[in-house]
Amino acid sequence: MVGRFLTRLARGFHWRHLIPLALVLALAAGFGPASGASSSTSQVKMGGVVTIDNVSGSTWTCGFNPYTQAGSAGQAFSAGIMYEPLWYVNALNNNQRPWLATGYSWSRGNRRLTFTIRTGVKWSDGKPLTAADVAFTYNLLKKFKGLDLNALWTVLSSVSSSGNKVVINFKKPSVPFFYYIADQTFVLPQHIWSKIANPVTYNNPKPVGSGPFLLKSCSNQNIVYMRNPHYWDAPKPYISEVRYPAFLDNQPGNLYLAQGKANWGGQFIPNVKAYYLARDTKNRHIWYPPSTSNVQLYPNLTAWPTNILAVRKAISYALDRSQISKLGVYGYLPPANQTAIILPNYKGWYARGLANKFNYGYNPSKAISLLQAAGFKKGSDGIFRDNKGRKLSLSILNVGPFTDWVAEVQIIVKNLKAIGIDASAENVSGDTHTAREEQGHFQLTYDQPGGGPTPYYMYYQMLHSANTAPIGKSAPSNFERFRSGYVDGLLNSYSQTASSSRQHKIIRNIQRVMLLQVPVIPVLEGIYWFQYDTSQIVGWPTPSNPYATPPPYNYPDWAVVLTTVHRK
Amino acid sequence: MTIIVRRLWFFLITVWAALTLNFILPRMMPGSPTAALMARYKGRLNPAAINALQAAFGLRTHESLPQQYVDYLNNTIHGNFGLSVTFFPSKVSTVVLQALPWTLFLAGTTTIIAFVLGTFIGMVVAWRRGGVVDGVLTPGFVVLSTIPYFWLGLICIYVFSISHSWLPMGFGYDENSNISLSWSFIQQVAVHALLPALTIIITAIGGWILTMRNNMIGTLSEDYVRMARAKGLAPLRIMVLYAGRNAILPNLTGFAMALGFVVSGLLLTEMVFTYPGIGYLFLQAVDNEDYPLMQALFLFVTLTVLVAILLADVVNAVLDPRTRSRE
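Line order of the protein sequences matches chains Y and L.
So in our numbering, spot 545 of the first sequence is number 617, and the numbers just go up one at a time.
So in our numbering, spot 49 of the second sequence is number 374, and the numbers just go up one at a time.
Hints may be right or wrong, so weigh each one.
As the list claims (entries may be wrong) - DSSO-like, lysine-lysine: derived pairs with alpha carbons at most 30 Å apart:
id : chain 1 : residue 1 : chain 2 : residue 2
1  : Y       : Lys199    : Y       : Lys345
2  : Y       : Lys398    : Y       : Lys429
3  : Y       : Lys288    : Y       : Lys267
4  : Y       : Lys429    : Y       : Lys345
5  : L       : Lys416    : Y       : Lys215
6  : Y       : Lys214    : L       : Lys416
7  : L       : Lys416    : Y       : Lys278
8  : Y       : Lys244    : Y       : Lys215
9  : L       : Lys416    : Y       : Lys288
10 : Y       : Lys243    : Y       : Lys288
11 : Y       : Lys545    : Y       : Lys214
12 : Y       : Lys419    : Y       : Lys429
13 : Y       : Lys463    : Y       : Lys449
14 : Y       : Lys217    : L       : Lys556
15 : L       : Lys416    : Y       : Lys267
16 : Y       : Lys460    : Y       : Lys489
17 : Y       : Lys438    : Y       : Lys450
18 : Y       : Lys438    : Y       : Lys489
Said to hold, decoys possible - Per the computed footprint, the stretches of chain L lying under chain Y, defined by three or more beta-carbons under 8 Å from a beta-carbon of chain Y, are:
id : segment
19 : 400-413
20 : 483-497
21 : 500-511
22 : 559-572
23 : 616-623
Claimed, not checked - Label-pair restraints from in silico Cβ distances:
id : chain 1 : residue 1 : chain 2 : residue 2 : range
24 : L       : Val484    : Y       : Ser289    : 29 to 35 Å
25 : Y       : Lys419    : L       : Leu506    : 54 to 60 Å
26 : Y       : Asp197    : L       : Ser418    : 25 to 31 Å
27 : Y       : Pro301    : L       : Asn405    : 37 to 43 Å
28 : L       : Thr419    : Y       : Ser467    : 40 to 46 Å
29 : L       : Leu523    : Y       : Ser289    : 27 to 33 Å
Note that these hints are calculated values from the structure, not bench results.
Glycine included, each C-beta is placed from N, C-alpha and C at the ideal position.
Based on the sequences and whatever the hints tell you, model everything.
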């Protein structure tokens, strides 16, 4: 994600928008500064417009199918805001709150999940939303594999409804799937979608949803949403309109934001202080919280020399992560640590004592001594060789169009050369990068896994043997080809328990594996890009009130933000 | 007349060759649409989604290549290009038709304006070669045409949209209004097209001036021009009807090809000015291994260029008797 925005480097400015500016000033003069935290409902003012600035690199096609992922389609424009999930899970801190369901419970040894569906919710065509709609939605994903983006039906066995309850049965206990089932599945109206012959290819130009906003108009360069006056959580939403213009390139997108034409940004802006913040220091803010996974180096564990533990450890010690961050991405991405635990998001999970004991950190002399202890000797060119005389040279596979990643890997190469590893970068196109990673044709590869509300999701993707494959076969996310019965067992038992203390113990043990065996080398923590303007609209997520992941490109979280913010 | 029939045959064979190449080339590209999509959504798409995406895109077909080729020809003839992968699940035809009017309007008008202006200026500066006009305009426009377009666009935005809020900095029309056939909407479109059009014309005109000037200087030394002068004809008449008419012939073919390429869009203009159009579609189609969209766009461009060249041949045959004389 990071890369996608960074690839388009920003370059300019934008024109003025005088009338709203005058309004802002008038409003700002009349009312004192409101803090970002949500104020009590009685004081909330209705009305106001939120304009989103998020470069997607494509014009809109005006499709609102919440199960289409490609390009400018569906999900990013309808999930949460029109089609709602059952339960909200905040990926920043795992805080949860009810959405279309009012409660849930696990039973039968975590093989059954029962949701109680909220009553009194209406679709925008006036028909009631029922538990039958919810069951219909899950069963639709079973019938049409192309909709099942989170592979729910690899663990589900049946879904049925009775009264206001929806019963979800599992083939095997899979507690972490709660996140995908409750937060990442969006309920569809049965009376409409049951008549659609192929929902996979259905564009859904006239969406009928239950969410806080309705479609007002859509053209290839702008989507306008209006407040749903019959929303079940009245008086939310407080704002009357949301605008989402389409930008093809980062530079015009940043210009638009800097000129104050948009008040909610999810943009990478080089030198954001001078370019964005300085133009209105009172009302403009940024917050770039860490996201749910790291940008990291995956060593190929099946091939020399990255199959040698000392080499992997030496690489981790050789990296000057704060310099990589500073020179690569203006210091926006914080340095990661060897446990891969994202701080401060997952600080409750972090095995601090353990990490301190291993004390991974920038230490080139330690890296050199590790290599020497493993039998490597420096040649006359300053490069290490093993006892067979093989030169310790490493190529890092990277995505060429992601300019930030290219800059970061340049520093990594410099760091590795400094300890006597002959490193080089190999910058290829995005899909070649993906294909070669999946097939295992690399020595080291630079990439970022997916994540979730707890560290489990990231660990599962990068360490579980279910996600790997032999070299030459496609591995979905365990590119380094790590196989450990012990770690598989830990991850499996995590997915069978809903007990927080057991889960914490498991994650702690996985961190020990990360420190002992260095299967993956985290470099920088991923972040969310978030700029906001409080001159007209307040109530945005802040570090002290992180009620949702803050960027406009995260769903269903953007709907949580849009139902919380209000006029100043 | 036979020349035109011969040209038509040649045209049909070229179309078939283009259609076939259009089928083969995208299939020789490395990678796959799902890999491209996964790459684009780095870290955000559940790796498990790849199975769902393959099912959705219909990529698990086991049709043989010859069968695919026959289907492709059949679908193409019927104008059925399938679903775009980039804009899934929109139809390729919908996606293309949404962008096409903007490209035709902006690229079409600017190409015509640049050609007409460039040809006229080229004619005048050649007539007065060595004069002040030639000394200023010719090198001036040549220098302008070598400026990197991206940079020129940004400078124009800076001067006209930021320093002075004279013109909008982007979009095809005011981003908060809807497409309609009202007078105010047409005004918006015109105002929004001004800056992109200006930058395109500035960078494109130099080439036309230079070629026209060179052709013109050649024809000016011809005997029939000297003859016309000796007869005492009005200079304007000699310049336009004697020298100009003959000098423009080679340029016409160039113009026809430029018109043909109009449909391929203006990638840089679209990116700098956030202008809707075909150029960016092209980039996205290639980036995302979107075979259906790529095939439709390439086919479209090839056909337009071929038709334009055919027309230029016909016009040449009409204007220049020598091309007809081989019978």
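Each hint, compared with the structure:
Among the hinted pairs, Lys199/Y with Lys345/Y is inconsistent with the structure: their alpha-carbon atoms are about 49 Å apart, more than 30 Å. With a C-alpha separation of about 27 Å, the suggested pairing of Lys398/Y with Lys429/Y holds against the 30 Å cut-off. For the hint linking Lys288/Y to Lys267/Y, the alpha-carbon distance of about 24 Å falls within 30 Å, and the restraint holds. Restraint check for Lys429/Y and Lys345/Y: not satisfied, since their Cα atoms lie roughly 38 Å apart, outside the 30 Å limit.
Taking the CA atoms of Lys416/L and Lys215/Y, the gap is about 23 Å. The hint holds against a cut of 30 Å. Taking the CA atoms of Lys214/Y and Lys416/L, the gap is near 25 Å; set against the 30 Å cutoff, the hint holds. A distance of roughly 16 Å separates the Cα atoms of Lys416/L and Lys278/Y; the hinted pair therefore holds under the 30 Å criterion. For the proposed pair Lys244/Y and Lys215/Y, the alpha carbon gap of about 20 Å is at most 30 Å, so the pair holds.
A threshold of 30 Å between alpha carbons decides the hint, and for Lys416/L with Lys288/Y the separation of about 23 Å falls inside it, so the pair holds. Restraint check: the Cα-Cα separation between Lys243/Y and Lys288/Y comes to about 42 Å, which exceeds 30 Å; the hinted pair is violated. For the hint linking Lys545/Y to Lys214/Y, the alpha-carbon distance of about 26 Å falls within 30 Å, and the restraint holds. Restraint check for Lys419/Y and Lys429/Y: satisfied, since their Cα atoms lie roughly 17 Å apart, inside the 30 Å limit.
A threshold of 30 Å between alpha carbons decides the hint, and for Lys463/Y with Lys449/Y the separation of about 10 Å falls inside it, so the pair holds. For the suggested pair Lys217/Y and Lys556/L, the alpha carbons sit about 83 Å apart, so the restraint of at most 30 Å is broken. A distance of roughly 20 Å separates the Cα atoms of Lys416/L and Lys267/Y; the hinted pair therefore holds under the 30 Å criterion. With a C-alpha separation of about 21 Å, the suggested pairing of Lys460/Y with Lys489/Y holds against the 30 Å cut-off.
A C-alpha spacing of about 15 Å is found between Lys438/Y and Lys450/Y, which places the hinted pair at or below 30 Å, so the restraint holds. At most 30 Å may separate the alpha-carbon atoms for a hinted pair to count; Lys438/Y and Lys489/Y meet this at roughly 15 Å. Counting residues of the segment 400-413 of chain L whose beta-carbon sits less than 8 Å from any beta-carbon of chain Y gives 6, enough to reach three: the coverage restraint holds. Only residues whose C-beta sits within less than 8 Å of a C-beta in chain Y count toward coverage, and the segment 483-497 of chain L has 9 of them, enough to reach three; the restraint holds.
Under a criterion of three residues with beta carbons nearer than 8 Å to beta carbons of chain Y, the stated coverage of the segment 500-511 of chain L is upheld, 4 such residues being counted. Coverage of the segment 559-572 of chain L by chain Y is violated in this model, with 0 residues showing a Cβ closer than 8 Å to a Cβ of that chain against a need of three. Proximity of the segment 616-623 of chain L to chain Y, defined as three or more residues with a beta carbon under 8 Å from a beta carbon of that chain, is not established by the 0 residues found. For the hinted restraint 29 to 35 Å between Val484/L and Ser289/Y, the CB-CB distance of approximately 33 Å keeps it satisfied.
Between Lys419/Y and Leu506/L the beta carbons are some 59 Å apart, a value that agrees with the proposed interval 54 to 60 Å. At roughly 29 Å, the beta carbons of Asp197/Y and Ser418/L sit within the given window of 25 to 31 Å. Remark: the range hint 37 to 43 Å for Pro301/Y to Asn405/L is upheld by a beta-carbon distance near 42 Å. Evaluation of the 40 to 46 Å hint for Thr419/L and Ser467/Y yields a pass: the beta carbon distance comes to about 43 Å.
For Leu523/L paired with Ser289/Y, a C-beta distance near 30 Å keeps the hint of 27 to 33 Å intact.
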